[in-house]
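Enquirer: Listed here are the chains, written in short residue letters.
Number of protein chains: 2
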Amino acid sequence: MQLLEERILRDGKVRAGGILKVDGFLNHQMDVGLFAELAKAWHAAFRDDDVNKILTIEASGIGLACIAAQEFGCPVLFAKKTKTKNIDGSVYTTRVMSYTHGNVYDVIVAKEYLRPTDRVLLIDDFLANGAALEGLCDLVRQAGATLVGAGIAVEKAFQPGGARLRAQGLRIESLARIAAMSEDSLTFVR
Amino acid sequence: MQLLEERILRDGKVRAGGILKVDGFLNHQMDVGLFAELAKAWHAAFRDDDVNKILTIEASGIGLACIAAQEFGCPVLFAKKTKTKNIDGSVYTTRVMSYTHGNVYDVIVAKEYLRPTDRVLLIDDFLANGAALEGLCDLVRQAGATLVGAGIAVEKAFQPGGARLRAQGLRIESLARIAAMSEDSLTFVR
Numbered sequence: 005m006q007l008l009e010e011r012i013l014r015d016g017k018v019r020a021g022g023i024l025k026v027d028g029f030l031n032h033q034m035d036v037g038l039f040a041e042l043a044k045a046w047h048a049a050f051r052d053d054d055v056n057k058i059l060t061i062e063a064s065g066i067g068l069a070c071i072a073a074q075e076f077g078c079p080v081l082f083a084k085k086t087k088t089k090n091i092d093g094s095v096y097t098t099r100v101m102s103y104t105h106g107n108v109y110d111v112i113v114a115k116e117y118l119r120p121t122d123r124v125l126l127i128d129d130f131l132a133n134g135a136a137l138e139g140l141c142d143l144v145r146q147a148g149a150t151l152v153g154a155g156i157a158v159e160k161a162f163q164p165g166g167a168r169l170r171a172q173g174l175r176i177e178s179l180a181r182i183a184a185m186s187e188d189s190l191t192f193v194r
Numbered sequence: 005m006q007l008l009e010e011r012i013l014r015d016g017k018v019r020a021g022g023i024l025k026v027d028g029f030l031n032h033q034m035d036v037g038l039f040a041e042l043a044k045a046w047h048a049a050f051r052d053d054d055v056n057k058i059l060t061i062e063a064s065g066i067g068l069a070c071i072a073a074q075e076f077g078c079p080v081l082f083a084k085k086t087k088t089k090n091i092d093g094s095v096y097t098t099r100v101m102s103y104t105h106g107n108v109y110d111v112i113v114a115k116e117y118l119r120p121t122d123r124v125l126l127i128d129d130f131l132a133n134g135a136a137l138e139g140l141c142d143l144v145r146q147a148g149a150t151l152v153g154a155g156i157a158v159e160k161a162f163q164p165g166g167a168r169l170r171a172q173g174l175r176i177e178s179l180a181r182i183a184a185m186s187e188d189s190l191t192f193v194r
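First to last, the sequence lines map onto chains A and B.
For what it's worth, the working numbering labels the leading residue of the first sequence as 5, then goes sequentially.
For what it's worth, the working numbering labels the leading residue of the second sequence as 5, then goes sequentially.
None of these hints come from the bench; they were simulated from the model.
Take every hint as true, because none was put in to throw you off.
Identical chains share a label here; the pair holds if one copy fits it or two copies do between them.
Heads up, simulated DSS-like pairs for lysine-lysine below, C-alpha to C-alpha not over 27 Å straight-line: (1) Lys25 to Lys85; (2) Lys44 to Lys25; (3) Lys25 to Lys115; (4) Lys115 to Lys87; (5) Lys17 to Lys115; (6) Lys17 to Lys87; (7) Lys17 to Lys44.
Work the whole structure out from these sequences, hints included.
Expert: So, in structure tokens, the structure goes:
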């Protein structure tokens, strides 16, 4: 998507260690006008899939998910990161490895809000190693809901998450796919 | 606001320990159609205040803040909870006591996104003891920005946060103000 690619080139900064800093418009300060355009692109891709729920993960997916949900006319559910063991059986739980922070955390959703009748679109800001997205897929599977696909803002296509999840059959619509990046240059997949 | 009060009465549940569970529409599953109505109400209240930035705190404020930002035509900035000491001076930091979780955490915003020229509206889902909102006020103060006020979805008016912050001069527009609640009944401030 040209608009997002241009914005990344203009305002993104590549930091040491393969970090793409886009916190001026995507995941700290958030440009909701841009988000509305991303939402339209995801809606164009999934408009015929009867999406009735958007699932994301806290915190930086929530804004994108809410604006996207307006396009689809459905609610958002966000998976919560937790260190609390929930023993009452009211939640689905999955474990996610964070490569960025070098730790493992549990994410949960309340069972009552993810049902077998749901047709779920996943939304997140980044796809790199795919751990968070894989965790969301697992929650949908546990619920017996239908996984329609995933809408991603920025995919680091040089990292393995996208290829692995597509090989598993997940439909992924990434609006900017980075082929390679360094502190001097950044190129997109064409 | 009648729409929100009715929704709380219909779908909210009061739990032991003064917990109001509204996670079916406000802070786990999120009804973005309802959010749009809340956003209109906040915009009606603050439309003449030249708001050019909305500040919230992760995670459950983000969805409300993004939908509200569409009304105001401005970006959102969300304060991040962190355990990492940031020593490079690029962030404003404040300390927040969580009464819900019984701990203290630091919240940060990048200095580059909160400027003295900003006119900031705070948005959050809940106001009870006021610790989170007070932390956001402190961040605005550190930045030398103008604090326009706060838009809150649900205020527990029987807890001290709202009264204390109003006494300090903060303009707070809470769309549902709970006067008292128990597992059997819930009443709003009239």
